[in-house]
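Visitor: Residue strings, one per chain:
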Amino acid sequence: MLYHLRHLEHLFGPFRLFRYLSFRSIGAVVTAFAVSLLLGPLLIRLLKRYGARDKGRDFGGLNVISKEGTPTMGGLLLLAGLLAASLLWCDPGNQHVRIVLAAALYFGSVGALDDVLKIRSGSNERGLSRHWKYAAQIAFGALVGILFISETFSPYHAEVSRTLTVPIWKHGIYLGWGYMALVVVFMVLASNSVNIADGLDGLAIVPAMLVAAVLGVFAYVVGTESVASLLQFGHLPGSDELTVFCCALIGAGAGFLWFNSHPASIFMGDTGSLALGGVLGTLALLTKQEIVFFVAGGIFVVEAGSSFIQDYIGLKLLGRRLFFRAPYHHSLMHQGASETKVTTRFWILSVIFAAIALATLRLR
Amino acid sequence: MPMAAPENQDSPTRAPTLRRDWGLQSRGASGKMRAAPNPPTRFPPTLDPLVRSLLAFLLPHRWRPQLAEARRLLAAERPPRLGLVEKLDSWLDSPAWEVRNAAVKLIAHAREHSRYLRLLEKLTDRREAGIVRRNAAEGIARAGIDTDAARTALRRALDDPYWEARAEAARALAALFPPDPRLEHDLLGLLYAHHRNGRRAIAEDNFEVRMAIAQGLGHLGVSPAAFDALLELAHDDAWPVRSQAAVALAHFATRHPELFDRARRSLLEVDRQSDGAVSYFVHRDVLSQALRAIHKGPRAADPDAFRSIYLNPRAGWNHVRR
Chain A
1 MLYHLRHLEH
11 LFGPFRLFRY
21 LSFRSIGAVV
31 TAFAVSLLLG
41 PLLIRLLKRY
51 GARDKGRDFG
61 GLNVISKEGT
71 PTMGGLLLLA
81 GLLAASLLWC
91 DPGNQHVRIV
101 LAAALYFGSV
111 GALDDVLKIR
121 SGSNERGLSR
131 HWKYAAQIAF
141 GALVGILFIS
151 ETFSPYHAEV
161 SRTLTVPIWK
171 HGIYLGWGYM
181 ALVVVFMVLA
191 SNSVNIADGL
201 DGLAIVPAML
211 VAAVLGVFAY
221 VVGTESVASL
231 LQFGHLPGSD
241 ELTVFCCALI
251 GAGAGFLWFN
261 SHPASIFMGD
271 TGSLALGGVL
281 GTLALLTKQE
291 IVFFVAGGIF
301 VVEAGSSFIQ
311 DYIGLKLLGR
321 RLFFRAPYHH
331 SLMHQGASET
341 KVTTRFWILS
351 VIFAAIALAT
361 LRLR
Chain B
1 MPMAAPENQD
11 SPTRAPTLRR
21 DWGLQSRGAS
31 GKMRAAPNPP
41 TRFPPTLDPL
51 VRSLLAFLLP
61 HRWRPQLAEA
71 RRLLAAERPP
81 RLGLVEKLDS
91 WLDSPAWEVR
101 NAAVKLIAHA
111 REHSRYLRLL
121 EKLTDRREAG
131 IVRRNAAEGI
141 ARAGIDTDAA
151 RTALRRALDD
161 PYWEARAEAA
171 RALAALFPPD
181 PRLEHDLLGL
191 LYAHHRNGRR
201 AIAEDNFEVR
211 MAIAQGLGHL
221 GVSPAAFDAL
231 LELAHDDAWP
241 VRSQAAVALA
251 HFATRHPELF
261 DRARRSLLEV
271 DRQSDGAVSY
281 FVHRDVLSQA
291 LRAIHKGPRA
301 ADPDAFRSIY
311 LNPRAGWNHV
321 RR
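Which chain is which? The protein sequence lines are A and B, in order.
The letter at position 101 of the first sequence is residue 101 when you use our numbering, and the numbering goes up by one with no holes.
The letter at position 100 of the second sequence is residue 100 when you use our numbering, and the numbering goes up by one with no holes.
Okay, chain A solo, but in the shape it has when bound (with noise of 0.2 angstroms):
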């Protein structure tokens, strides 16, 4: 909405900063905080008072505490700073914002229809099932890879919608129709991993966080064309305006984090994991930094991995455990090391992690 101001710099001169990128991109961070540090204790009460409240599961670990009845569904306050700071700071007329803003609420919901099945049954087990989860998870991806594919509504031209992109090497490979399962595939895995490492205070939302920074300085290369051409990235036109929605996220995250850090006043829920999963993940597929999401993310890669290991292939396959327990910071948990302890480390890598998809800038 603030966007438009700039037509009316001829009024008032300082509204030309309406039209810079950066001044956006502050703006929509601290409008994202502020909002979610406003509305937080409020979404708190009201969620104590309806008794939207974690049920808790038994692990089996050695070092758990419980964390039965803290308030669920917090991911409501992620995607009110991220809405409010997207809707006023983001260019509501460009078709990559109204794409993820499609995502965030398409996920939100999903997560949000869980959460509510799973505070009605009183059990975190009968939530929305793994199938149906599955199931909105390939029907959002198949509508955007149809996106992709379409010649009309595609956000680029075809032979660049129907390319994987490789960092480092220039030049990326070329699916055609098959970039539309590489999407389904990739939405699923994007919106599963966040979900499955959202088991910790403050475990999910910082790597979160990270990853929509590396996103959000690979929306303003390959959106800028002169930054682009100097990068030897290719230009994708439109693709910078999700560098304000990007800060948006990170905004809304660090007000998240205020009430979401150990010990969590409340938690992020599927609400909040599987709308994380599925931005971060249409973010990628947007800036065709698609690999460049796995790198950047690394944490959620090793928890849904570690996890994907022990069950398929350890308990189903084998029948026996592989590690001492899945996702990985259960394990470390399990070990003896503390929730504060596994976080923080966690934290360090995924700055590691994004740092490294960073580099890939410069190794062309």
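Derived pair list, reagent style DMTMM-like, types lysine to aspartate or glutamate, alpha-carbon separation capped at 20 angstroms:
| id | chain 1 | residue 1 | chain 2 | residue 2 |
| --- | --- | --- | --- | --- |
| 1 | B | 87 | B | 69 |
| 2 | A | 170 | A | 290 |
| 3 | A | 316 | B | 48 |
| 4 | A | 48 | A | 68 |
| 5 | A | 55 | A | 125 |
| 6 | A | 55 | A | 68 |
| 7 | A | 316 | B | 93 |
| 8 | B | 87 | B | 77 |
| 9 | B | 87 | B | 121 |
| 10 | A | 170 | A | 159 |
| 11 | A | 170 | A | 225 |
| 12 | A | 316 | B | 69 |
| 13 | A | 316 | A | 125 |
| 14 | A | 341 | B | 237 |
| 15 | A | 316 | B | 125 |
Examples of chain B residues lying across from chain A (beta carbon under 8 angstroms, computed):
| id | residue |
| --- | --- |
| 16 | 53 |
| 17 | 57 |
| 18 | 97 |
| 19 | 129 |
| 20 | 130 |
| 21 | 131 |
| 22 | 132 |
| 23 | 164 |
| 24 | 207 |
| 25 | 238 |
| 26 | 239 |
| 27 | 240 |
Treat the hints as calculated values from the structure; they're not laboratory data.
Here a beta-carbon is modelled for each residue, glycine too, at the ideal position from N, C-alpha and C.
Use these hints to put chain B onto chain A, whose structure you have.
Guide: Chain B only, in chain A's frame:
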């Protein structure tokens, strides 16, 4: 140090002893015991478990009804006996390890004496899924099978390549049998490796197994070697092992009052630091309890409280659903 006298067989605090002859082993013409024959395999013996588990993994719909029925029986406080033995026989040979696992638990839950031998076979069959072997050990403890055959099987299981099975076997031995120098020797053998230069070092690198060994030595240990091993475990790198060793020292000291002072001194020196605030407080509380128990003297720490966990039908299996 004098060897501790074996516990009174008729002590009310012991787990219920079962008659050795359950009729589950067939007797040949000479009257000698004969083990039940292994079930026939469709594939070469080395490939059979892998192929069967792969088939079960790819075709879950074929065994889900059996698993659901087994879990239903497990949830019942008193499973109906009608047709139970036939079902157990069928489930114990299922290609799906989850069904075999449920059958193993059901044998202990239903106290099906005629299938106790299958429990021992599952424990010692290294081709069997690790979790099934683990639950077979726990099932033996839950069912209170304290026969020589069970002791032999559990002693063999101390060498199991899967850490959870080793740990559970150590705990089961401690729950079922009185202090015994042979069992103590087996536990020490699991813990230590002896190098060529005559020195010994802790060889067990899995902290869960070290915890179970500490627990076992606390209940089964009779000699100074066990006490020294517990002292060493009380200074382990992992705080859960230190905590368990502290409790085990208290249990050991209740049987050997002459070691009170040495145990107390050692516990006071145990590193209360750990990797995090939560575990620090848990560890400190455990040490305090162990010290209080030692100060109170013999009988203050009740080793049978440990055994009673297995006798409680409501106690969860290894704290997780499987």
